[in-house]
Each structure stands twice: as C-alpha cells, then as structure tokens.
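Based on the sequences and whatever the hints tell you, model everything.
Going by the numbering used here, the first residue of the sequence shown is number 0, and it counts up by one from there.
To be clear, the hints were calculated from the coordinates, so they are not data collected in a lab.
Heads up, a few of these hints could be off.
[Said to hold, decoys possible] With a cut-off of at most 25 Å between alpha-carbon atoms, the simulated PhoX-like pairs for lysine-lysine come out as follows:
hint: 1; residue 1: K461; residue 2: K448
hint: 2; residue 1: K184; residue 2: K228
hint: 3; residue 1: K143; residue 2: K27
hint: 4; residue 1: K249; residue 2: K216
hint: 5; residue 1: K434; residue 2: K396
hint: 6; residue 1: K72; residue 2: K17
hint: 7; residue 1: K143; residue 2: K173
hint: 8; residue 1: K461; residue 2: K523
hint: 9; residue 1: K27; residue 2: K5
hint: 10; residue 1: K199; residue 2: K216
hint: 11; residue 1: K396; residue 2: K361
hint: 12; residue 1: K228; residue 2: K149
hint: 13; residue 1: K249; residue 2: K199
hint: 14; residue 1: K165; residue 2: K216
hint: 15; residue 1: K165; residue 2: K228
hint: 16; residue 1: K161; residue 2: K199
hint: 17; residue 1: K458; residue 2: K532
hint: 18; residue 1: K173; residue 2: K196
hint: 19; residue 1: K360; residue 2: K413
hint: 20; residue 1: K149; residue 2: K165
hint: 21; residue 1: K198; residue 2: K184
hint: 22; residue 1: K216; residue 2: K143
hint: 23; residue 1: K161; residue 2: K27
hint: 24; residue 1: K196; residue 2: K184
[As the list claims (entries may be wrong)] So the derived label-pair ranges between C-beta atoms look like this:
hint: 25; residue 1: E163; residue 2: K126; range: 29 to 35 Å
hint: 26; residue 1: G175; residue 2: E266; range: 29 to 35 Å
hint: 27; residue 1: K199; residue 2: S500; range: 34 to 40 Å
hint: 28; residue 1: Q450; residue 2: Q135; range: 21 to 27 Å
hint: 29; residue 1: R270; residue 2: Y332; range: 42 to 48 Å
hint: 30; residue 1: K126; residue 2: S500; range: 36 to 42 Å
hint: 31; residue 1: T384; residue 2: E79; range: 50 to 56 Å
hint: 32; residue 1: C260; residue 2: E383; range: 27 to 33 Å
hint: 33; residue 1: Q135; residue 2: D182; range: 28 to 34 Å
Note that the coordinates shown come from a computational prediction; the quantities given were computed from them, not determined experimentally.
Cβ atoms here follow ideal geometry from the backbone N, Cα and C, with glycine treated the same way.
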Amino acid sequence: MSHIDKIIIRGAREHNLKNINLEIPRNKLVVITGLSGSGKSSLAFDTIYAEGQRRYVESLSSYARQFLEQMEKPDVEYIEGLSPAIAIQQKAPSRNPRSTVGTTTEIYDYMRLLFARIGIPHCPQCKREIVPQSSQQVIEQVMKFEGGTKIVILAPLVRGRKGEYKELFERIRKEGFARVRIDNKIYNLEEEIALDKNKKHIIEVVIDRLIIGPGVKERLSDSIETALKIGQGVVQVSSGGQGSAAAEEKLFSEQYACVHCGINLPEISPRVFSFNSPYGACESCTGLGQKLEVAPELVVPEQNLSIEEGAIVPWSEPITTRRHRWKGAWSSYYYQMLSDVAHRHHFSLNTPFKKLTDEQKKAVLYGDGEFEGVITNLERRYRETESDYVKEEIYHKYIRSSCCPVCGGGRLKKESTCVTIGGKSIVEVTHFDVKSLKGFFDNLKLTNKEQTIAHQILKEIKSRLTFLVNVGLDYITLDRETSTLAGGEAQRINLATQIGSSLVGVLYVLDEPTIGLHQRDNHKLLETLVQLKNLGNTLLVVEHDEATIRSADYIIDLGPGAGEQGGEVVVAGS
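Have a look at this one:
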C-alpha cells in the first residue's frame, strides 16, 4: 500500500493514548471500536480530526482564519495522508428557533425555488387562481371569440369604493375618452354624472367598441394596449352586447393581481417563501411561527393580594410578615407610578387585585397613556436589554409562547401560502413527514413545460428525501425545529446533508451514528455510509454496533481496558 493510500500516524499521545502508531487505509469504511473510555474519541476526534481541521485552517489566508476557530495541535509526532476533515458528532443541535430540518438539509431551499418557478398563485381573499398574461396573450384570447361577436374593451379604474369622482371624470374627459361604464351602465362624459357618494361604485373607461372579424386585430391590439396602460395592467372585455342576457365579462391582468378583489401579490421569487426574510416572514411573529408574550397570570399569579401586598410579582418582593415591602430604588419608582395610576383610576393599592374593574386592571398591566404598564414595560425591557441575565429572567418567569394567530404557526405571509403546487402550499408540504413528502413529489402531476422547468430541482429534493429515509428519519417533518431533535437524529440529519453535498476526497469522522436507530433500519444507514465512501471519501466511525463493525473494511480495536488501562491498539485489520 503506497503512502498516498493510507493515513500514517506516529506517536499519538493525546489523553490516554499510549504513544500509538497506526496506518489507516484511505477511501475505506474504518471502524474504531473498544470499551468506553478506551481512547476511541481521543484517536478519532482529538487527534485525527483535530489535526486535519487545523491543517486545513492553516492553509487559508490570515484574513479567512480570523473568522474560523483554530484548533490546538494534538499531542502526536506526525500524521501523513490527511484530507480536509468533517466531524459529525453526537452534540446538541442548533438552538436557533429559525433552524428547521428543512433548512438544515437544504430541502426547503430547493422547495422555495420550486414554488417560485412553477407555483400557481391564488388570491388570498377569494382563492381564485391568478394568471398573469402579456398584452399579446390577452389579444390572442380575445381574437378567439366567435366571428361577429360585439365586444367592449374597458379599463377598470374604481372597484367597490365610495365617492362622487367628479375630478376623475374630468381628467378622463380631458384625456380624450368619451364614455365610462358605471355600475354596468354606460354614460357619456359630456353629460352631468351625479353619483351617490355613500354608495360603492365600479367605474371603467370605455376604450373601444368593435366586432370580431377579419382585419380587426391591429385596432384590437391598440385598444388592448391602451386599456392595459389606463387600467394599470388590467383590462376587462365585455362580449355579446351591453345589457344582453348573453353578455359575458372577462378580466385579464398583466400582473400577479386579483382583478376581482384588487389585491396585488409581490413578485413570486424564492425569497417570498423564506421565513428568514422580511419579504416572506409573517409580520406578526417575524417568521418564528410563535408569539412570545408576557402572560398576565404570571405577572399577577395571586389575585387575592393587593398591589401593596405584592400582587405585581416582577415589581414586588414579599417578606415573611403579612405586609410586603418594595425592593430597591426601581421598585420605589414603580410604586410611585402605580400610586398615580390608582389615583387617576380611583382605586386603592390596598384593594385585592381581583376586585379591580377590567379597565383598572388594563391600566395597571397595559398602561393608560401616561403610564407604560407593567406588561408593556417587561416586553420592552426583554426586547431592548443587553443583559443576558435580565432577558433570561423575564423569559423564564413571565413569558409564554403561543401559536401566532396571524400565520397559524406557518411562519409565512398569507400571500406566500396562497401559491400552490399539486393543490398544496409550501407550508402544507412542510407539515408532511419525510415518507409522505417523498410520495407527494413522486406522484406530482406536471405539464411538459413544468416538468422541463422543475426536473433538476425535483431531482435534488427527491435525492435528499431518500437520504433521510435511508438514515431512518422517514417519520420526521421538514418544519420541525432542530432544537427539538435528539443527538442521534441531529447527527443523522447532518450525515444526510453531507451525502447531499456530494463532496469527494474528504475524511468524515462519525460518532456512533447508530445510536437511537432501530435495528431494522441499521442496514439503511450502513448503505448510506457505503455510498458516502463510494463517492471517494474516507469514513472513520467510532462505533459499538456489531453490524457496523462487521460491515467495515478495516477495524481498529482500542483497549484492552478503559482509562489508564486503555489507549493501546489491541488489533488493527480486516
């Protein structure tokens, strides 16, 4: 075996390792096993991974190094044949509430791209499908009307708003237009038009009246272009004759706008589906899906007490006697303010809190214009404080999280959730477990055009979902926060992410990846590890599981005991 085909270790003495020498084959699945405390992690993580990572960081520029954690050189004489190393360890997953299974595995990023490219927008209010059309497409649609059909081309200006609109009529007349249609009745702009200002009206400019037939396309094109300009991208075509029972109204829009409700949608791009972007995040919860609010029942847990007796827990400190005292200068300050509130709202600080009127309680807790309010004060201090201690104290003692009432926990704006694929919004899709989600994408019916656009995106999504299934995580949902994952789940998600990245020539160091995995799923995980190896990587796995050990190309057994009795190579081979 040439030197380039192996990792050569000489004189490893980190922790309890006893000056060991090893030659580990590269591009193989290597298992390090032995008793707990025998030195497995000392060899795999504290020596091999640490040195690989240290060398990689040292190869970068001094500018880049300042942003990366520099690992200390392990106690080893030398190591040859190292590749850039990645550790996939048993450690607590990210506590960031914005980190989900979908974002960690990058599946959600591909889904955002998919929905932006082939998603079908709907009106958030009336749920009608919104289809933007170019002026040429509108013209072609109108030309499909039966020959001899009389049509009126209109530019909508006012939809369901109150007013007399005298200035609007004057402006339209000066622009050279002769007629308007108001509430489905046509008026001449030269006549006096008196509208009831207290009623809602629909006002449209009559652009042209013509009959569908040969030679009409050029005139129709000019009229449609004018109507789209006047109507700000919206044109209405009435066919079959005004007032006729057979009259048909068709609305066309160049924009993502509902012509029925007048609601405009933003440009559909990947960022409108991101709950970590202001373009997509629910404005109420800023994309967290939850509202963190100070709970009144935690601020005043004992309503039988009066304010004087310490009913307002954050601002009072009971003593052992029946009466209570206020603590510190801040409390004296707050006490004086509450005295002023009591004076203004005609109640006594000695009155039990439960006997105060709703208005008096509201003034104390939420303020009255002159006084900030206890709850409002706590929420402001939580947002503005730079003290971790104060933030933690307020959070743990007085704050409760609840599902955001605006987005229902979906994290996104309403407009973003009204874009669908296969009848499902991106929020509904992330509620599926991995197994169901894979079935959804496998059975997705797309047009030839959609298939051409989405082919590569769907390929990436399906492959990553397959990786999650193969590491035994088919029960997990993409919207699950990473902070709720067990250590073994988090490690297998990281493993699936690494496979999805398709890196080659990397040294992967794994820490007992089978922990928490049912025996029936072990073979799927082992197939995944072999797949990662076959890409051209070296896998160094610390493991006790027999099936994993038997699947290894090379085994290193450390021992013979633990602690001082460990740190030696008992056997190294197939």
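If you draw a straight line from the CA of K161 to the CA of K199, is it 25 Å or shorter?
-> The hint holds at about 4 Å.
Given hint K523 paired with K461 - CA-CA distance at most 25 Å | holds, 16 Å
Status of the given 36 to 42 Å range, CB of S500 versus CB of K126 | Once the Cβ atoms are compared, 39 Å apart, the range 36 to 42 Å for S500 and K126 holds.
Take a quick look at whether K143 and K27 sit within 25 Å of each other, Cα to Cα.
-> violated, 66 Å
Is it true that the CA of K165 sits at most 25 Å from the CA of K216?
-> violated, 34 Å
Has the given pair, K396 with K361, been kept, meaning a C-alpha gap of at most 25 Å?
-> Satisfied, since the Cα-Cα distance of roughly 20 Å is no more than 25 Å.
With a cut-off of 25 Å on the C-alpha distance, tell me whether K458 and K532 pass.
-> holds, 21 Å
Mind checking the alpha carbons of K165 and K228 for me, to see if they're no more than 25 Å apart?
-> Holds: K165 and K228 sit about 21 Å apart, inside 25 Å.
Has the hinted range 29 to 35 Å been met by the Cβ atoms of E163 and K126?
-> holds, 33 Å
Can you let me know if the beta-carbon spacing of R270 and Y332 is within 42 to 48 Å?
-> Holds, at about 45 Å.
Proposed proximity, K27 with K161 (alpha carbon, max 25 Å) | The hint is violated at about 76 Å.
Between T384 and E79, does the C-beta distance stay in 50 to 56 Å?
-> holds, 52 Å
The structure is inconsistent with the numbered hints 3, 5, 7, 10, 14, 19, 20, 23, 27 and 32, although it conforms to all the rest.
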